[in-house]
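**Q** Can you build the whole structure from these sequences, using the hints too?
Below, each chain spelled out in residue letters.
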Amino acid sequence: MEKFITLTSTIVPLPIENVDTDQIIPARFLKATSKDGFGDNLFRDWRYDKNDQPIASFVLNNPTYTGQILVAGKNFGSGSSREHAAWAIAGYGFKVVVSSFFADIFKNNAMNNFVLPVVVTESFLAEIYESLSYDSKMTLTINLEALTITNNTYGKSESFDINPYKKECFVKGLDDIDYLLSKKTQIEAYEKAR
Amino acid sequence: MKTLFDKIWEAHVVSTVEGGPTQLYIDRMYCHEVTSPQAFDGMRKRGLKVFRPAQNTCMPDHNIPTIDQESPIADPISKNQVDTLTKNAQDFGLTHYQMGHEKNGIIHVVGPENGLSLPGMTMVCGDSHTSTHGALGAVAFGIGTSEVEMVLATQCVFQSRPKTMRIIINGKLKKGVTSKDLALYVIAKTTTGGATGYFVEYAGDAIRALSMEERLTVCNLSIEMGARGGLVAPDEVTFEYLKGREFTPKGEEWDKALAHWKTLKTDEGTVFDKEVTYQAADIEPMVTYGTNPGMGMGINDTIPTLESIDEAGRISYINSLKYMGYEPGEKIVGKAIDYVFLGSCTNGRIEDFRQFTDYVKGKKKADNVIVWLVPGSWAVDKQIKAEGLDKILIEAGFQLRQPGCSACLAMNDDKVPAGKYSVSTSNRNFEGRQGPGARTILAGPLVAAAAAITGKITDPRI
Ligand code: SF4
Chain W
516 MEKFITLTST
526 IVPLPIENVD
536 TDQIIPARFL
546 KATSKDGFGD
556 NLFRDWRYDK
566 NDQPIASFVL
576 NNPTYTGQIL
586 VAGKNFGSGS
596 SREHAAWAIA
606 GYGFKVVVSS
616 FFADIFKNNA
626 MNNFVLPVVV
636 TESFLAEIYE
646 SLSYDSKMTL
656 TINLEALTIT
666 NNTYGKSESF
676 DINPYKKECF
686 VKGLDDIDYL
696 LSKKTQIEAY
706 EKAR
Chain V
36 MKTLFDKIWE
46 AHVVSTVEGG
56 PTQLYIDRMY
66 CHEVTSPQAF
76 DGMRKRGLKV
86 FRPAQNTCMP
96 DHNIPTIDQE
106 SPIADPISKN
116 QVDTLTKNAQ
126 DFGLTHYQMG
136 HEKNGIIHVV
146 GPENGLSLPG
156 MTMVCGDSHT
166 STHGALGAVA
176 FGIGTSEVEM
186 VLATQCVFQS
196 RPKTMRIIIN
206 GKLKKGVTSK
216 DLALYVIAKT
226 TTGGATGYFV
236 EYAGDAIRAL
246 SMEERLTVCN
256 LSIEMGARGG
266 LVAPDEVTFE
276 YLKGREFTPK
286 GEEWDKALAH
296 WKTLKTDEGT
306 VFDKEVTYQA
316 ADIEPMVTYG
326 TNPGMGMGIN
336 DTIPTLESID
346 EAGRISYINS
356 LKYMGYEPGE
366 KIVGKAIDYV
376 FLGSCTNGRI
386 EDFRQFTDYV
396 KGKKKADNVI
406 VWLVPGSWAV
416 DKQIKAEGLD
426 KILIEAGFQL
436 RQPGCSACLA
446 MNDDKVPAGK
456 YSVSTSNRNF
466 EGRQGPGART
476 ILAGPLVAAA
486 AAITGKITDP
496 RI
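Each protein sequence line maps, in turn, to chains W and V. In terms of the numbering used here, the first sequence is residues 516 to 709. In terms of the numbering used here, the second sequence is residues 36 to 497.
These are computed hints drawn from the structure, not numbers from a lab. C-beta: ideal position from N, C-alpha, C; glycine also. Careful, some of the hints might be misleading.
[Unchecked claim] The calculated lysine-lysine pairs, modelled on DSS-like cross-linking and capped at a C-alpha distance of 30 Å, are:
1) W:K565 / V:K455
2) W:K550 / V:K84
3) V:K80 / W:K610
4) W:K589 / V:K455
5) V:K122 / W:K687
6) V:K309 / W:K589
7) W:K550 / V:K114
8) W:K682 / V:K198
9) V:K224 / W:K610
10) W:K707 / V:K309
11) V:K122 / W:K550
12) W:K699 / V:K198
13) W:K682 / V:K80
14) V:K37 / W:K707
15) V:K455 / V:K398
16) W:K589 / V:K366
17) W:K698 / V:K37
18) V:K291 / W:K707
19) V:K491 / W:K565
20) V:K370 / W:K565
21) W:K698 / V:K198
22) W:K699 / V:K291
23) V:K84 / W:K518
24) V:K84 / W:K707
25) V:K80 / W:K699
26) V:K366 / V:K396
27) V:K224 / V:K491
28) V:K278 / W:K707
29) W:K589 / V:K198
30) V:K42 / W:K707
[What the hints assert, rightly or not] Derived coverage of chain W by chain V (criterion: at least 3 residues anywhere in the stretch with Cβ under 8 Å from a Cβ of chain V; other residues may be distant):
31) 620-634
32) 677-688
33) 698-706
**A** Structure representation (structure tokens):
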């Protein structure tokens with residue numbers, strides 16, 4: 516997996532609260548048996564109308580906003596445990612999602628697909644939208660080593676949290692299954708002892 | 036002093052990663068066709084076998100049609116996903132209840148009714164409503180596909196430990212108020228994100244008084260307030276329910292298990308990270324008016340006005356009501372509806388069908404309403420017929436369909452058309468959940484029955 520240490524990018528704003536997994540990827544797109552192609556249907560019903568024509572007012576169809584960072588409203592990713600939501604976000608090309616609050620399962624799923632969920636304070640989030648209102652090409656910098664996120668328009672930073680193990684996974688491009696497989700003898704010992 | 040959650044969790048810790056998550060041992064995993072193919076694929080790519088095949092059970096439920104299951108699935112993409120599960124189960128040597136099998140149905144209905152889900156267990160499935168199984172006194176939660184692969188490969192997952200929360204419901208539910216109403220009430224109080232990061236224990240006399248099936252409904256909905264899961268300490272109701280079911284321990288094994296299960300409770304005086312108490316008598320039959328399960332109210336209440344909503348949330352609130360075609364400050368009781376759905380892992384059990392049937396007995400279905408009655412499993416279907424409920428339903432103008440998830444998420448053909456109103460006993464009223472543009476009003480089986488008879492949102496007590 517690609518390693519992640521710092522990222523500076525323009526952003527795509529989605530200032531909506533409680534964006535649920537059915538919005539991220541509607542259930543009818545869950546019929547695939549591989550992980551590919553979900554990016555095309557990210558936010559499908561907000562992005563395209565009934566005749567599959569792009570809805571101009573939706574942010575992903577607005578050429579002003581591009582980048583590898585999605586900045587979403589509070590309680591992002593609630594709803595189902597479907598990892599397809601994370602595949603859609605990763606598949607579209609986002610490497611980071613910024614919000615003031617994430618649903619639990621989504622957070623795990625995102626990290627398992629090397630999409631970094633960054634939790635910021637409500638005021639930091641509000642400032643991002645504010646900067647964006649006069650500079651649509653504003654950038655954020657995420658530094659995973661220092662655990663900081665910087666609003667480069669305001670020059671303001673805030674620190675965020677990620678557990679040290681997950682941080683190492685991101686930095687080294689490692690995955691949980693490799694780690695668990697290395698623990699087989701311990702698992703067998705646990706089974707015997709119970 | 037420990038909570039029940041702590042006891043079960045701690046008994047399943049294999050190791051803790053320095054500064055990281057817990058490696059948790061999983062007693063049972065369920066796999067369905069939607070969230071497992073990529074996990075099996077991953078196993079193949081790594082050249083791995085399933086570590087503990089006997090602890091994994093597969094069945095398709097999300098995609099399967101609810102009529103004519105005897106014929107091959109018409110939708111080629113659904114068929115592919117269902118066939119892929121069959122092949123994966125075969126290749127990896129896992130138990131599989133294929134479509135039409137007498138034990139097929141929605142996983143969260145089938146697991147408990149066969150005694151596959153037991154007190155004290157850790158259980159997972161690539162499905163957020165895995166929280167359902169917590170009703171038996173277990174730690175059960177939904178996981179993503181990467182984690183499904185972890186369990187297939189090692190029977191373990193990485194999890195950070197959730198905080199604990201106790202929700203106490205005191206007193207007695209009023210007549211005509213179901214456990215679904217109780218759960219919708221709690222979610223409305225907590226909001227959809229309000230229990231995020233917590234594992235909930237439900238307690239209090241009102242919970243103790245619930246049947247096993249009613250507890251399953253309550254725990255099922257834990258995820259709708261963001262909780263990792265929910266559980267109820269096992270008691271005589273639990274043991275009575277489990278006794279004699281196909282996969283429950285038998286003879287001496289049963290006695291041994293029972294002795295252990297009886298120890299599964301929160302120690303007196305344990306302090307939870309968060310605790311809230313509600314009065315059962317305050318709960319009315321509930322309906323939702325918006326597009327998340329937290330937007331619920333008593334059936335005769337009015338939709339909250341814009342002023343009563345947090346400023347930051349107003350745009351979402353307005354959009355949500357616009358989608359539903361409702362106005363702030365209005366009542367929705369008496370409003371016309373187009374569809375009724377009885378079923379899902381929330382309300383697709385025999386007691387739900389008994390309640391529905393009891394209400395519609397001797398009445399006639401409203402002509403302008405399409406009603407889907409979908410048993411949660413073939414075992415439920417069999418019981419409906421054994422009790423003759425099907426005849427009463429037919430007489431009232433209804434028809435039974437075949438088991439599956441159906442209109443709960445509309446991955447099969449049971450889709451509510453755009454703009455139409457559906458009173459649904461399922462668990463999610465998200466935009467488009469029951470079909471693109473569909474408008475969902477979540478409710479219990481009694482409100483659903485009343486709507487099916489009158490064609491309107493109706494208080495079932497009148
Ligand atoms: S009935 Fe609905 S909520 Fe339950 S497992 Fe099926 S799709 Fe998910």
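**Q** Does each hint fit the structure? Answer for all of them.
**A** Results of checking the hints against the structure:
no.	hint	result
1	W:K565 / V:K455	16 Å, holds
2	W:K550 / V:K84	21 Å, holds
3	V:K80 / W:K610	24 Å, holds
4	W:K589 / V:K455	29 Å, holds
5	V:K122 / W:K687	35 Å, violated
6	V:K309 / W:K589	22 Å, holds
7	W:K550 / V:K114	18 Å, holds
8	W:K682 / V:K198	22 Å, holds
9	V:K224 / W:K610	35 Å, violated
10	W:K707 / V:K309	36 Å, violated
11	V:K122 / W:K550	18 Å, holds
12	W:K699 / V:K198	28 Å, holds
13	W:K682 / V:K80	25 Å, holds
14	V:K37 / W:K707	25 Å, holds
15	V:K455 / V:K398	24 Å, holds
16	W:K589 / V:K366	28 Å, holds
17	W:K698 / V:K37	28 Å, holds
18	V:K291 / W:K707	18 Å, holds
19	V:K491 / W:K565	28 Å, holds
20	V:K370 / W:K565	27 Å, holds
21	W:K698 / V:K198	26 Å, holds
22	W:K699 / V:K291	29 Å, holds
23	V:K84 / W:K518	29 Å, holds
24	V:K84 / W:K707	20 Å, holds
25	V:K80 / W:K699	19 Å, holds
26	V:K366 / V:K396	28 Å, holds
27	V:K224 / V:K491	26 Å, holds
28	V:K278 / W:K707	27 Å, holds
29	W:K589 / V:K198	20 Å, holds
30	V:K42 / W:K707	19 Å, holds
31	620-634	holds (count 5)
32	677-688	holds (count 4)
33	698-706	holds (count 6)
Checked against the numbered hints above, the structure breaks hints 5, 9 and 10 and satisfies the rest.
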